[in-house]
Amino acid sequence: MKLEQRKDLLGIRDMSREELELILDTAIPMKDIIKRDVKKVPALRGKAMVTVFYENSTRTRTSFEIAGKYLSADTVNLAVATSSVQKGESLRDTIKTIEVMGFDLMVIRHAMTGTAHYVARNTNMRVINAGDGTNEHPTQALLDMYSIREKKGTLEGLKVAIVGDILHSRVARSNIYGLSKFGCEIRVAGPSTLMPPEIEKLGVKSYYSLDQALDGVDVINVLRIQKERQQSGLFPSLDEYANLYMLSPDRLLRAKDDVLVLHPGPMNRGVEISSQVADGVQSVINEQVTNGVAVRMALLFLMMGGSRDEITN
Amino acid sequence: MKLLIRGGRVIDPANDIDGIMDILVADGKIIEVNENISDEGYVLVDAGGKIVCPGFIDMHVHLREPGFEYKEDIASGTRAAAAGGFTTVCCMPNTDPVIDNASTAIFVRERAAKSGVVNVLPIGCISKGQAGSELTEMAELIAAGCVAVSDDGKPVKNAALMRNAMDYAKMFDLPVLSHCEEQSLAADGQMHEGYYSTLYGFKGIPAAAEELMVSREIILAELTGAHVHICHASTRGSLEMIREAKAMGVDVTCEVTPHHLLLTDEIVGSYDADTKVNPPLRSTEHVQALRRGLLDGTVDCIATDHAPHHMESKDCEYNLASFGISGLETAVAAVMDGLVNQGLLDVEQMVQLFTIGPAEVLGIDKGTLDVGADADITILDPTMVKVVDPANFYSKGKNTPFKGQTLKGWPWMTIVKGTIIVNGGKIV
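Just so you know, the protein sequences line up as chains F and S, in that order.
For the record, in the first sequence the residue sitting at position 188 is 188 according to the numbering used here, with numbers rising by one throughout.
For the record, in the second sequence the residue sitting at position 357 is 357 according to the numbering used here, with numbers rising by one throughout.
Hints were generated in silico from the structure; no laboratory data involved.
The model shown is predicted, which means the values in this text are computed figures rather than measured ones.
Warning: the hint list may mix true and false statements.
Subject to a maximum C-alpha distance of 20 Å in a straight line, what follows is the list of computed PhoX-like cross-link-like pairs (lysine-lysine) [stated by the list, open to error]:
#, chain 1, residue 1, chain 2, residue 2
1, F, LYS201, S, LYS203
2, F, LYS96, F, LYS69
3, S, LYS114, F, LYS227
4, F, LYS96, F, LYS7
5, F, LYS205, F, LYS181
6, S, LYS417, S, LYS114
Rough simulated footprint, nothing fancy, chain F against chain S, three-plus residues with beta-carbon under 8 Å [claimed, not checked]:
#, region
7, 4–18
8, 226–233
9, 287–295
From chain S, some residues computed to sit far from chain F (all C-beta separations above 10 Å) [as the list claims (entries may be wrong)]:
#, residue
10, VAL43
11, SER115
12, VAL147
13, ASN158
14, GLU360
15, LEU407
Yeah, the Cβ is synthetic: ideal placement off N, Cα and C, and Gly gets one too.
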């Protein structure tokens with residue numbers, strides 16, 4: 001089975017469970033490659049990919065780049081800050097310019113919702129959405145699902161709490177769309193001003209009380225709170241936010257004993273998560289980053305024409 | 001020149017006419033509306049199977065001239081109007097310079113006389129420079145041909161100024177048109193706030209952003225006794241307040257657009273900026289409320305808010321795209337197909353909403369087939385089926401979410417002051 005029939009990966013919302021499982025399964029042998037002494041396979045030799053990030057990123061951009069390199073694809077990063085974008089070049093022209101250099105695949109992150117879809121419509125390159133505004137961050141959800149499945153053995157029937165700024169979080173949306181396809185019970189918790197309207201229609205339960213939301217859960221995914229949200233009047237202070245929503249060792253006791261703690265990074269220690277929890281035994285935050293490389297390798301491999309059998313045999 | 005329009009179903013709601021009749025036109029005026037008119041020396045228009053109406057009026061369009069001719073100009077915009085079945089359009093003053101003084105209004109009318117093909121009635125600004133601080137010279141604007149005042153896309157924030165504007169306009173029976181938007185609530189919003197904004201990950205514009213301002217305008221209209229007209233009402237709450245205010249005797253009228261009547265926020269999931277419009281496409285409950293408002297008389301007229309844009313301001317990131325839909329050339333067909341053909345609106349009611357409805361809002365001598373009136377006539381072909389293809393638009397604005405839709409029932413002929421401007425859906 002391949003992912004070739006899919007030109008782009010723009011969001012989890014329109015993906016099938018089978019497609020998600022294929023990617024997660026393919027990521028298992030990819031993770032083995034990362035652990036090898038010689039971390040290079042020729043699977044994508046002769047393929048070229050470019051990452052185009054209109055927003056800052058440490059993990060996502062670097063992991064896409066190294067994922068491509070481990071698979072022998074030629075990988076280029078467009079440094080938006082020093083590119084012609086700063087001279088006012090339109091997105092459409094930028095994409096066209098990149099396309100005609102012969103790239104097979106573009107990874108794009110943009111601060112505005114729907115931009116990956118716009119790019120995909122306007123290019124023959126395959127497009128992977130590395131985060132579009134407040135919409136989706138599909139590869140983050142894939143690596144979160146991979147991390148959970150690896151530790152728990154399955155996703156089926158797990159209770160997962162997603163905590164924080166649900167309104168602006170593309171990580172939350174992609175996780176909700178993904179986990180709900182695997183029959184998880186999803187809870188979202190956060191202040192009422194950061195809860196999107198009619199969120200429960202997405203098949204989740206919403207909580208203002210973090211304690212209630214954490215009761216008996218298998219997984220807690222803590223979202224980053226952006227300081228600008230306080231300045232725009234959505235909550236009164238980081239201090240009050242931390243009092244109400246910071247994941248602390250005390251609060252962790254409400255969850256199951258073997259609860260997993262995830263965070264997409266970068267963390268605000270002492271705001272949405274305490275250092276004890278972030279660095280504690282239940283945290284898989286660092287492993288998420290490794291898994292991010294594996295999942296992105298799987299995705300690049302499947303989208304640029306690889307079949308899963310090639311890598312496992 | 002004489003025209004005899006023979007054998008069409010004539011619908012003239014103002015005169016309570018609905019039947020197979022002939023219309024005789026001479027020297028730009030309507031001479032006779034009757035069964036089996038006999039005369040000679042005329043050009044015959046065989047209107048068998050067609051619906052013959054008073055010329056349609058669109059009281060809310062953006063012709064973009066002067067200042068934004070790359071988006072639209074009076075020549076292209078009035079051709080789009082004619083092709084869309086409209087014989088009269090009212091153009092909003094957010095041009096560059098804005099229509100806040102007599103000379104700009106006169107410029108627009110002179111340009112329309114020279115390069116336009118339909119009647120163009122300018123709307124003047126409420127405040128100088130649309131800046132929301134000082135009133136315009138409304139008496140001069142009226143003398144220059146303005147039929148209403150509005151700051152349109154820049155709603156008057158200051159309630160005291162709006163009160164004064166209404167109070168002052170009342171002296172001249174001048175309607176004050178309000179684009180109702182509390183901008184602090186709507187800020188950065190891209191689509192209607194609700195389930196689909198959550199699903200698609202957009203910042204929403206709540207219905208309350210419109211409704212807050214509708215409530216203010218109604219309260220100020222009651223206070224001043226002025227006539228306030230709510231532009232592009234799009235929410236259930238707005239309609240409820242307008243309905244109640246009308247019942248209380250407040251002088252409030254409103255328009256709705258074809259896109260708010262026919263499309264919902266679900267289509268924003270295409271992430272295609274042609275779906276981006278302000279007020280935004282709403283959810284089904286609001287659409288249903290607007291449709292009820294058409295039937296019970298809460299809605300006075302249908303207007304397009306024709307907002308042509310240059311390709312670059314739509315073919316881009318959704319957040320960066322301009323708000324607006326190029327509506328003149330799809331309005332009538334969309335309403336025919338989506339409401340009339342579905343049995344949701346009588347064709348007589350539709351004709352009223354496009355003719356005497358807006359004429360009464362504006363207090364203009366249009367929208368009827370009265371003997372002696374200007375021979376502005378719109379003829380519809382209820383059987384014509386066409387796919388909406390923006391490439392064929394006369395408008396420079398190709399931005400329409402109706403693109404690709406197959407619609408049945410189109411404007412067939414447009415006659416302005418006795419001259420055939422459009423025949424078979426095409427400019428003559």
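Comparing the hints with the structure gives:
1. F:LYS201 with S:LYS203: At roughly 17 Å apart (the allowed maximum being 20 Å), S:LYS203 and F:LYS201 satisfy the hint.
2. F:LYS96 with F:LYS69: 24 Å, violated
3. S:LYS114 with F:LYS227: Between S:LYS114 and F:LYS227 the Cα gap is close to 57 Å, so the pair fails against 20 Å, i.e. violated.
4. F:LYS96 with F:LYS7: 17 Å, holds
5. F:LYS205 with F:LYS181: Given that 20 Å is the threshold and the Cα spacing comes to 16 Å, the pair holds.
6. S:LYS417 with S:LYS114: 15 Å, holds
7. 4–18: Result for this restraint: violated, n = 0.
8. 226–233: Violated: only 0 residues of the region 226–233 of chain S have a Cβ under 8 Å from chain F.
9. 287–295: violated (count 0)
10. VAL43: Holds, since 49 Å exceeds 10 Å.
11. SER115: Answer for S:SER115: holds, closest chain F Cβ roughly 31 Å.
12. VAL147: Given that every Cβ of chain F is farther than 10 Å from that of S:VAL147, nearest at about 39 Å, it holds.
13. ASN158: 22 Å, holds
14. GLU360: Correct as stated: the minimum Cβ-Cβ distance to chain F is 38 Å, above 10 Å.
15. LEU407: 24 Å, holds
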